[in-house]
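Those protein sequence lines, which keep their order, are chains A and B. Counting in this note's numbering, the first sequence runs from 1 upward without gaps. Counting in this note's numbering, the second sequence runs from 1 upward without gaps.
No false leads were slipped in.
Covered, in the sense of this in silico footprint (three residues per stretch, anywhere, with C-beta under 8 Å from a C-beta of chain B), are these stretches of chain A:
no. : stretch
1   : 61-69
2   : 229-241
The following residues of chain B were derived to be distant from chain A, with all beta-carbon distances above 12 Å:
no. : residue
3   : Asp26
4   : Gly29
5   : Glu37
6   : Ser48
7   : Lys55
8   : Asp57
9   : Val59
10  : Glu62
11  : Phe67
In case anyone wonders, no lab produced these hints; they're calculated from the structure. No residue lacks a Cβ here, since even glycine has one placed at the ideal position from N, Cα and C.
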Amino acid sequence: MASIAAVIASTHHPFYYRASTSTGADRPPFADEWVAKITSFRETLTRANPDVLVLVGSDHFHQVWLDNVPQFLVGKQPFYDANWHNEQREFGLPRMFFTGQEDLSTHILRAGLDAGFDLGFSNELRIDHSVTCPMITLRPECDLPIVPIYTNIFAPPLPQPKRFVQLGKMIREVVESWPSNLRVAIIGTGHLSLEFGPRQFGPHGPDPEFDRKAVEWIATGDIEKALGEVSLESLWLPGNATHGFLDFMLMMGTAGAGEKADYVDTLDLFHTMEAYFTWYPKGGSAQ
Amino acid sequence: MSKYLLDKFLYTVDRDPELVERYREDPRGFVEWWEAERANVILNVLTSEKSTWLKFDEVEREALATFDIVKLFELGAHPFLFLTLGIAMFERDYTEPLGYQLEFAQRLSHFTLPYPDIAT
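Here chain B stands alone, though its shape is the one from the complex (with noise of 0.2 Å):
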């Protein structure tokens, strides 16, 4: 399980008005081609001295391939970042301010404290 990955596809994806817009067209293909091509990629490094060990699990995979946020908190990705791109990719679809968000917090209303751990 990689926590680190699951953030970093979201930093790096929310950051970038053309991937955002890329995930929320085709998000399971999209996830394929992120992990294919930049998964390893260390931020500011040259490509070629890129990692060789990152990789989804199969549950993560799937978490941002449906972009489920109940699984997403569930397995610690942070959730400013999961927040954020969600309202960048889905609040259009909201005609009451603040739709998007609230309906977010009603999606995760049964998870209890201590809420899963988000440190990676």
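Bound conformation, chain A alone (with noise of 0.2 Å):
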């Protein structure tokens, strides 16, 4: 069977990338510490050496929309396109192209949906930052294949947290189950504490103390505490984007209740505060 080579979760800022490539006047004061943060991160995925990547996000109105919200889609196929126009107009992120991993979605959606999740499916997904920045950040040579995942963080009415919990377990699980020698490293993408509002662009994320506690669950493996403290109504209150808050949840459901992630670091940005997660399966860190 599939072994996981690790299990990692971070915020996506989707200014990182024009962050770390620019020079002279228009490079920021920060981009050096984040370069060297992002440096540091990516070497924890580079040391688990998989052979092929799930990547959890969640589109940004780009391909999924109000007339067809699927609330937790897998992609499945031979290749994906990714980045969109709009996102290369205010980030300046580029175009970009993966190769997809079908066995492997194609083992999650059969087992997913025997699991209890009836799971959507995409065969002409073009994946968008929620998924290329932490290709951008942990493995920007792009050269494993990938099955992508989406959830809806975006659109009220969402799935309730614990559901989120639940399919990050499944989603372990499932790999687990898929019958290949290869190495998956399940990596998942969401926001701390973030707002399209009022509160937003301000010098630290709108709400410092929610982004303390949620670092200290989801490092501490506190699932309990988590789902304990946060509700699709609390969610608004750290700031009105912060239900991208879920797919942390969901990658803690995948890394085990009570798990301690072995690498945890954490930057204090203006607009939102990023955080960086990896865990290792017990019983050896990397190959």
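With the hints as a guide, dock the two chains, each given alone in a separate frame, to form the complex.
Here it is in structure tokens:
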């Protein structure tokens, strides 16, 4: 069966690419520190020596639209084009291209459906920065086949937080039951507190206290406390786009209850805090 | 009231560079054109199979014709959509980095929690 090479949870900051590649007067003062942190974070995936990447993210009204919204969607394609005109325009993100691991997509869909998750699928998904940002930060060579999985954190009504945790747990179990000798890293990206409104683009994220607690929950694998304090209603309070935290909760489910992260780092930036977590499977950190 | 149609306008314009420029140039005329020609077109469906019932009310039409972000926020339009479209149309007019984004926040600063509901 396939093995889990690593479980990784991260924020996906669309400005990283431009900040890290800019030079001279265009280079923001925080760029060097950010690049150093990302370089260190990238090493946690590199040393896990993965063969395949499962990438959990959330479409930002690029292809998933309100006439047809799947709560959970699995890409099932041999190839993926990535990034959209308005992401190029606003963030300077490049067009990207990935190979898909279609056998694993097929397996996740079949086994996930049989496990009680009514997963949607797409045979022509163009993926967005929720998936390409972690490729830029963690695997810029883009040389590994992927399976993208989208969650709806954007268009209410959303699934409950516990469902995200359950989905994350299921994804791990299903990957571990894939008849393959390959090593799979499961990577998911979301947000800490985030706002598109009155509290946006401040010197820090809109709710540093929420961010502090959230980092603690993730780093210690405290799913019980996170589920106890987080609801679909409460997530409006730290910032009106904070439902992206649900993808972090999904990854807590993938990592496992009570599992402390082997790698934790944060970076306090304008607009939103960055956070990076890596877990290795018990009994060996990397190959 | 149709939050869905407000969002549909914002979504379909934001992703199309030609429509963004037409909206910036003549917002009122563009909204009239869009409502007449595009509002009922189901995305990824032949025009002959379009819907028959979608239209703006006067408040929504005026909010779009003036790109009134305060009114759009109040009406429950999805803020990601009109923030992104606003950046596309107006960031170029600001010299300071994030100038438009910060003014956007300032103009909405009188809103307190809970914000207007964005569910469609």
